[in-house]
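As a plain string of letters, each chain reads:
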Amino acid sequence: MPEVKGNGPNGDGPNGDAPDDAGGVQIDLIGADRMANMAAMEKIRMILDGVRDNNIVILETGLSPDEESKLIEVTMTEISPDEFNGIEIETYPRSETTDQSFLDRLMGNESTQKLTVIGPANQIETLHKDENLISALVSRK
Amino acid sequence: MGLFTNLKDSVSRVTDKLFSAQEPKRIGIYGPPNAGKTTLANRIARDWTGDAVGPESHIPHETRRARRKEDVEIERNGKTVTIDIVDTPGVTTKVDYEEFLDHDMEKDDAVRRSREATEGVAEAMHWLREDVDGVIYVLDSTTDPFTQVNTMLIGIIESQDLPVLILANKTDLEESSVQRIQNAFPQHETIPLSALEGDNMDEVYEKIAEYFG
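So the sequences go chain by chain: A and B.
If you're matching positions, the first sequence starts at 863 in the numbering used here and goes up one per residue.
If you're matching positions, the second sequence starts at 3 in the numbering used here and goes up one per residue.
Since the hints were derived computationally from the structure, they do not count as laboratory data.
Glycine residues also receive a C-beta, built at the ideal position from the N, C-alpha and C atoms.
Hints may contain errors.
According to the in silico footprint, chain A covers these stretches of chain B (three or more CB under 8 Å from chain A) [claimed, not checked]: (1) 49-58; (2) 90-104.
Under the rule of at most 27 Å between Cα atoms (straight-line distance), these lysine-lysine pairs were calculated in the DSS-like manner [unchecked claim]: (3) K209/B <-> K932/A; (4) K96/B <-> K905/A; (5) K932/A <-> K905/A.
Sequences and hints are given; from them, build the entire structure.
Spelled out as structure tokens, the structure:
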């Protein structure tokens, strides 16, 4: 499991320390355990708070389809001209590492076990994506 | 008194069931911006009711409110299917007003349009979770279908167990590739069409009757 590094409720770093924005791009890797006990809106708030602080958020386990739907909806309500243009999001399924049954795959019941990368739309651009590689260009604002 | 109350409840349940079975199904037309959703909605509405649903445009996010055309009766193979068509704004995860400035729009108009577009997308997502009984997913067959928005939307629709018909639109254009869409979503049937030219609409109506009848 990756080291967990996420935003606190006040936009702080994971340990309550202020993020160092001395010129880099902060990447938050959110571990599965941290996500497991969160309600849908808590996950969405954590993601959008991170992205609105110009961070790249990587989720070890992705969101459920219902949570993805709510993420789009809440993102739309927060878009503001010259301030926040929305998000760029990429995922790829990790079906081979999950215990998904053949029937599940046949029926299109995709597991939520998928690595997800989310960033500010004006800072992250997907260069290439296939079933086992996401290549993205991240720029400083 | 109790007997009458029970009888009344039973009658009410039966009539509710009878009437709900006759209620038209709400079919949402979803897809990314500029896929031709409104052109398709207008084509269906004009073919079966004589009216249009809304204005079409090459500028993204022309449709910024979900629009419903009620009681569209489609006849196929001696069977009549009645549906409500819900034309929805194109779904995206980002809206930048500067994109509209490229279409000869003043900044104020572009900002207003982007605000309305974001409200429209949020509204479309809400309809998808709460208020539609089936989905027609429209894709522009001249563009890459392997986008995150398409993957997420199809995943959301599948998770709701909604019947979904995938349409590969704009087959009248030279760059059209229906096969690319079939490859992207092999778990669903893909129907080619040109909503603008009216090509292959017979098959589209057959499938609408089959999927949503």
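Now the hints, each set against the structure:
Restraint check on the stretch 49-58 of chain B versus chain A: 0 residues with Cβ-Cβ distances below 8 Å, three needed, restraint violated. Counting residues of the stretch 90-104 of chain B whose CB falls under 8 Å from any CB of chain A gives 7; the rule of at least 3 is met. Our distance criterion of 27 Å between C-alpha atoms is broken by K209/B and K932/A, whose separation comes to about 30 Å. Taken as a hint, the K96/B and K905/A pair is honoured in the structure, with Cα atoms around 19 Å apart against an allowance of 27 Å.
Our distance criterion of 27 Å between C-alpha atoms is met by K932/A and K905/A, whose separation comes to about 10 Å.
The structure shown violates the earlier hints numbered 1 and 3.
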